[in-house]
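Chemist: Given these sequences and hints, build the entire structure.
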Amino acid sequence: MLSKPFNFFICFLFLFTIPNSFFVKAATSNVELIQQNWPFNGIFGRFDKASLQRGFKVYSEVCSACHGLRHISYRDLEGIGYSNDEIKVIAGEYEITDGPNDEGEMFTRDAKMSDKFVGPYENDKIARLANNGAYPPDLSLIVKARGGGADYIYSLLNGYKDFPENFEASEGMYYNEYYPGNQIAMPPQIEDDIVEFDDGTIATHNQIARDITSFLAWTAEPELERRKSLGVKTLFFLVLITIMLLGVKRKVWKHLD
Amino acid sequence: MKAKETENKTGISHWIDERLPVFTFINHNLRDYPTPKNLNYFWNFGSLAGVTLVIMIVTGILLAMQYTANTEMAFDSVERIMRDVNNGWLLRYIHMNGASMFFIIVYIHMFRGLYYGSYKYPREILWMLGVVILLLMMATAFMGYVLPWGQMSFWGATVITNLFSAFPVIGDYIVTFLWGGFSVDNPTLTRFFVLHYLLPFAIVGVVALHLVALHQFGSNNPTGIDVKSDGDTIPFHPYYTVKDYLGLGVYLIVFAFLVFFAPNFLGHPDNYIPANPLQTPAHIVPEWYFLPFYAILRAVPDKLLGVLLMFAAVMVLFFLPWLDKHKIRSANFRPFYKQFYWLFFINCIVLGWVGAMPAEGIYVLISRVATLYYFGFFLIIMPFLSKFEKTTDLPSSISAAVISEKFDNKEPSSSESYVK
Chain U
1 MLSKPFNFFI CFLFLFTIPN SFFVKAATSN VELIQQNWPF NGIFGRFDKA
51 SLQRGFKVYS EVCSACHGLR HISYRDLEGI GYSNDEIKVI AGEYEITDGP
101 NDEGEMFTRD AKMSDKFVGP YENDKIARLA NNGAYPPDLS LIVKARGGGA
151 DYIYSLLNGY KDFPENFEAS EGMYYNEYYP GNQIAMPPQI EDDIVEFDDG
201 TIATHNQIAR DITSFLAWTA EPELERRKSL GVKTLFFLVL ITIMLLGVKR
251 KVWKHLD
Chain A
1001 MKAKETENKT GISHWIDERL PVFTFINHNL RDYPTPKNLN YFWNFGSLAG
1051 VTLVIMIVTG ILLAMQYTAN TEMAFDSVER IMRDVNNGWL LRYIHMNGAS
1101 MFFIIVYIHM FRGLYYGSYK YPREILWMLG VVILLLMMAT AFMGYVLPWG
1151 QMSFWGATVI TNLFSAFPVI GDYIVTFLWG GFSVDNPTLT RFFVLHYLLP
1201 FAIVGVVALH LVALHQFGSN NPTGIDVKSD GDTIPFHPYY TVKDYLGLGV
1251 YLIVFAFLVF FAPNFLGHPD NYIPANPLQT PAHIVPEWYF LPFYAILRAV
1301 PDKLLGVLLM FAAVMVLFFL PWLDKHKIRS ANFRPFYKQF YWLFFINCIV
1351 LGWVGAMPAE GIYVLISRVA TLYYFGFFLI IMPFLSKFEK TTDLPSSISA
1401 AVISEKFDNK EPSSSESYVK
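These protein sequences, in sequence, are chains U and A. Going by our numbering, the first sequence opens with residue 1, and the numbers climb by one from there. Going by our numbering, the second sequence opens with residue 1001, and the numbers climb by one from there.
Simulated from the structure, these hints should not be mistaken for lab results. Just so it is clear, CB atoms sit at the ideal spot from N, CA and C, and this is done for glycine as well. A portion of the hints provided could be inaccurate.
To be verified - Residues of chain A placed beyond 12 Å of chain U at every Cβ, according to the derived structure:
1. E1018
2. D1084
3. L1114
4. Q1151
5. N1186
6. T1241
7. K1390
As the list claims (entries may be wrong) - The calculated label-pair distances, taken between Cβ atoms and stated as ranges, are:
8. U:P100 x A:P1187: 28 to 34 Å
9. A:D1302 x U:N131: 40 to 46 Å
10. U:I43 x A:V1194: 36 to 42 Å
11. U:F44 x A:T1010: 52 to 58 Å
12. U:D124 x A:N1029: 55 to 61 Å
13. U:N123 x A:D1302: 43 to 49 Å
14. U:I43 x A:F1311: 37 to 43 Å
15. A:P1021 x U:F44: 50 to 56 Å
16. A:T1176 x U:A169: 42 to 48 Å
17. U:R226 x A:L1209: 37 to 43 Å
18. U:K88 x A:A1139: 47 to 53 Å
19. U:K88 x A:V1194: 40 to 46 Å
20. A:M1315 x U:R226: 32 to 38 Å
As the list claims (entries may be wrong) - Residues on chain U that point at chain A, a partial pick, calculated with CB under 10 Å:
21. R227
22. L235
23. K249
Modeler: As structure tokens, this is what we get:
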């Protein structure tokens, strides 16, 4: 009798693996991505808060010139370890248009904690105009919206090369070995010491790429830590109760022999 | 442990039961209900499908309270659920992965029926109601996938609704009618939301009929032999209730693993990009559970024929009881059918795999061969075997089969030699 539930389980798991092979991750490029050992990978995965804060600084000082984070509110920064007072200061650096007020006029005011991140452009048309026709995508979900996830973003940031010979490049484009089609409109942004980290971490190219990728992984899945810790508890409970049910089942069925 | 409750002639439950026989009903259908004693774990999948349907409806109703069915707001409202609604991410991930789990469960349930001949006399209508449930599930799942209004939502909806344009003369009218306009747009999204909310309750109705039909003759069993005496059956409770609970435990472990640790594993990254009618994704791929049918669609160079074949691939299941008229139900006693069956199983997986590949080169050829076998299995092999296949010796009864199985189990090292 022991083998039967076990066989069932194996069978079930086997069937479960089928969709895996069906599934095609968005074919980005034929080049293998640079695999990083992210602290948020795996069932016990957690974010490295210091890295997220450094990444936030990279976003604020570099990326935010062109890319928005429209799904993130300033209050969400609590999730990467900032206090309310710190967040108020951060939000206060931005201005947003509000209104109309009692006189029927629109007015500008400092952003509050409850406001969404202020984007770099008024609208999509201006964004394209300012970027040679290319639209800099919103980064809130970018890690979930690209096959390969964080590894893809990290690879892309490290993937700039000179154009190979005989490559027919369009004007204003850059060569990136991980980008589909290899021509990307975004110029390389990261270089050593382009930001200065508050915690004294040396801002090497790789360090910056790693921190900004971690930050974007967080903006895509701010619930990740809660999800994984709840998952571990849930699985623990389910495995326990299933083992108990196995005992009950065997005991009940014994009457039949 | 039999019928104590019903003899109790006093008390509130008796008072109610006399006027509305709910307790008699429960007793009859969930407790004493005589069930073949040799059901294996593949008979768990019916109850698992029922549980999944309930999970989907409950999470779905809660999600609908937060979702906005408008092209301008749908994507953001889903992200709001993920970020700002209390445990919204959990609800959405359960609902999203629940759809995949539902199809895994139902496909296994169907393959079990196909193997043990559960669709044969006298369970034809039971099987056909099951196919109706499958069709309703497919429609519901397809429309549900459109609701987040991501790139795959939009382009999947565009491709699938456009299939109807293949029909001559009326095709374009059908498509305009489905869209509620001249492209996939706000009216399309609104009606898909309404229907996505409505159809699951239709599924509940058909599931009720499915159960009525099931309890008319009771479950089939791995030998496929009819119940001949009381000795062949055991009461549903406690034997199968506890077995169903055990199966549910294992199922929820797999389900929870997916929800908590790989919630986007079965989804497509492009669906986290808001829908953009001006930008077509590089590959438009349906959800994994539609891939075999998608492969059949693309195997045919003619659009209309492809569409018809794709629908026929599901519709052919309605005729199964009359395509396979072999007297013996279980494939265990049909040596030839058994082999064609497993080939068919592999063939379905191959179809799913080529459905995910680009429609070019060798994949087209593979999809054509696989499509040919898919229909050949039902339309040629099944009727042929019905006439000519000789069966191996059947046990005289369910009890006899159970006893001989126990005899086998005593000597596991040489159990192979006992297989007749």
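Chemist: A separate judgement is required for each hint: does it hold in the structure or not?
Modeler: Against the structure, the hints come out as follows:
1. Interface exclusion of E1018 (chain A) from chain U stands, the closest Cβ pair being 32 Å apart, more than 12 Å.
2. Non-interface status of D1084 (chain A) relative to chain U is broken: a Cβ of that chain comes within 12 Å, the nearest being about 8 Å off.
3. Against chain U, the non-interface label of L1114 (chain A) holds: every CB pair exceeds 12 Å, the least being about 15 Å.
4. Under the 12 Å C-beta cut-off, the non-interface status given to Q1151 (chain A) relative to chain U is violated; the minimum distance is some 9 Å.
5. The claim that N1186 (chain A) is not at the interface with chain U holds, since no C-beta of that chain comes within 12 Å of its own (minimum 19 Å).
6. Look at T1241 (chain A): its CB is around 9 Å from the nearest CB on chain U, not clear of 12 Å, so calling it non-interface is violated.
7. Look at K1390 (chain A): its CB is around 29 Å from the nearest CB on chain U, clear of 12 Å, so calling it non-interface holds up.
8. Take P100 (chain U) and P1187 (chain A): their Cβ atoms lie about 32 Å apart, and the range 28 to 34 Å holds.
9. Judged by the Cβ atoms, the range 40 to 46 Å given for D1302 (chain A) and N131 (chain U) holds: they are separated by roughly 44 Å.
10. A C-beta distance of roughly 39 Å is found between I43 (chain U) and V1194 (chain A), which places it inside the suggested range of 36 to 42 Å.
11. Remark: the range hint 52 to 58 Å for F44 (chain U) to T1010 (chain A) is upheld by a beta-carbon distance near 57 Å.
12. Hint check: D124 (chain U) to N1029 (chain A), Cβ distance near 59 Å, so the stated range 55 to 61 Å holds.
13. Checked against the hint of 43 to 49 Å, the pair N123 (chain U) and D1302 (chain A) passes, with Cβ atoms roughly 45 Å apart.
14. The given range of 37 to 43 Å is respected by I43 (chain U) and F1311 (chain A), whose C-beta atoms sit roughly 42 Å from each other.
15. For the pair P1021 (chain A) and F44 (chain U), the beta carbons lie near 53 Å from each other, so the given range of 50 to 56 Å is met.
16. Between T1176 (chain A) and A169 (chain U), the C-beta spacing of about 44 Å keeps the proposed range 42 to 48 Å intact.
17. Between R226 (chain U) and L1209 (chain A), the C-beta spacing of about 41 Å keeps the proposed range 37 to 43 Å intact.
18. The hint said 47 to 53 Å for the Cβ distance between K88 (chain U) and A1139 (chain A), and at roughly 50 Å that hint holds.
19. Remark: the range hint 40 to 46 Å for K88 (chain U) to V1194 (chain A) is upheld by a beta-carbon distance near 43 Å.
20. The beta-carbon spacing between M1315 (chain A) and R226 (chain U), approximately 45 Å, falls outside the hinted interval of 32 to 38 Å.
21. Annotation: interface hint on R227 (chain U) holds; nearest CB of chain A at approximately 6 Å, less than 10 Å.
22. Interface hint status for L235 (chain U): upheld, as the beta-carbon distance to the closest one in chain A is roughly 6 Å, under 10 Å.
23. Annotation: K249 (chain U) was flagged as interfacial toward chain A, and the flag holds, the nearest CB pair being 5 Å apart, inside 10 Å.
Checked against the numbered hints given earlier, this structure breaks hints 2, 4, 6 and 20; the rest are met.
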